[in-house]
Amino acid sequence: EDRIVAEGEAPDTWIDRARAAARQLEAGGPVFDISKVRDVSPEARAAEHWQAYVSRLEAQPGIIVAQQTARGGHFYISGLRDPQAADPQALLSGTGVDPARV
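Counting from 400, one number per residue, gives the positions in the sequence shown under our numbering.
Since the hints were derived computationally from the structure, they do not count as laboratory data.
On a predicted model such as this, the values are computed, not experimentally measured, just so you know.
Be careful, since some hints might not be right.
Per label pair, the in silico range of CB-to-CB distance [what the hints assert, rightly or not]:
no. : residue 1 : residue 2 : range
1   : D415      : R500      : 20 to 26 Å
2   : Y475      : V439      : 20 to 26 Å
3   : A451      : A484      : 17 to 23 Å
4   : A443      : D481      : 52 to 58 Å
No more than 20 Å apart at the CA atoms, straight line, and that leaves these computed lysine to aspartate or glutamate pairs for EDC-like [to be verified]:
no. : residue 1 : residue 2
5   : K435      : D415
6   : K435      : D411
7   : K435      : E408
8   : K435      : E406
9   : K435      : D401
10  : K435      : E447
Beta carbons: idealized from backbone N, C-alpha and C, even for Gly.
Make the full structure from the sequences, and use the hints.
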């Protein structure tokens, strides 16, 4: 199968340009596959860090994450916490999530 495969990391602007270029390839030509290119824009990185933090919380005994979302540049989370469970603020340390955005 004729394919041009791009792999690695790139900012979202490059990914958008690559998608546009792929649409301009002639029919019957090779497929331009960018599915293995990871978006490294600041927004994508922040979303990855947030999801890692939420996963970390969900794995903690005594913590139940009921809802989480990101909007307007901030992250919101709600749930239940046993008083003996780990402190969610302490778990935020080292995740790359800006505490001011939570």
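Under the criterion that the straight-line Cα-Cα distance not exceed 20 Å, is the pair K435, E408 satisfied? With a Cα-Cα distance of about 8 Å, the restraint between K435 and E408 holds, given a limit of 20 Å.
Is it true that the CA of K435 sits at most 20 Å from the CA of D411? Holds - the C-alpha atoms of D411 and K435 are around 13 Å apart, at most 20 Å.
Does the hinted range 20 to 26 Å hold for Y475 and V439 at CB? Holds, at about 24 Å.
Holds or violated: K435 with E447, Cα cutoff 20 Å? Since the Cα atoms of K435 and E447 sit roughly 16 Å apart, the hinted pair holds (cutoff 20 Å).
Is the straight-line distance between the alpha-carbon of K435 and that of D401 20 Å or less? At roughly 17 Å apart (the allowed maximum being 20 Å), D401 and K435 satisfy the hint.
Hint check for R500 and D415 - Cβ pair distance inside 20 to 26 Å: 25 Å Cβ-Cβ, so the 20 to 26 Å window holds.
CA of K435 to CA of D415, is that 20 Å or under? holds (14 Å)
Given the range 52 to 58 Å, decide if the beta-carbon distance of A443 to D481 lies inside it. violated (33 Å)
Using the C-beta atoms of A451 and A484, is the stated range 17 to 23 Å upheld? At 19 Å between Cβs, range holds.
Would you mind confirming whether the straight-line C-alpha gap from K435 to E406 stays at or under 20 Å? holds (5 Å)
When the structure is compared with the earlier hints, a violation turns up for hint 4 alone.
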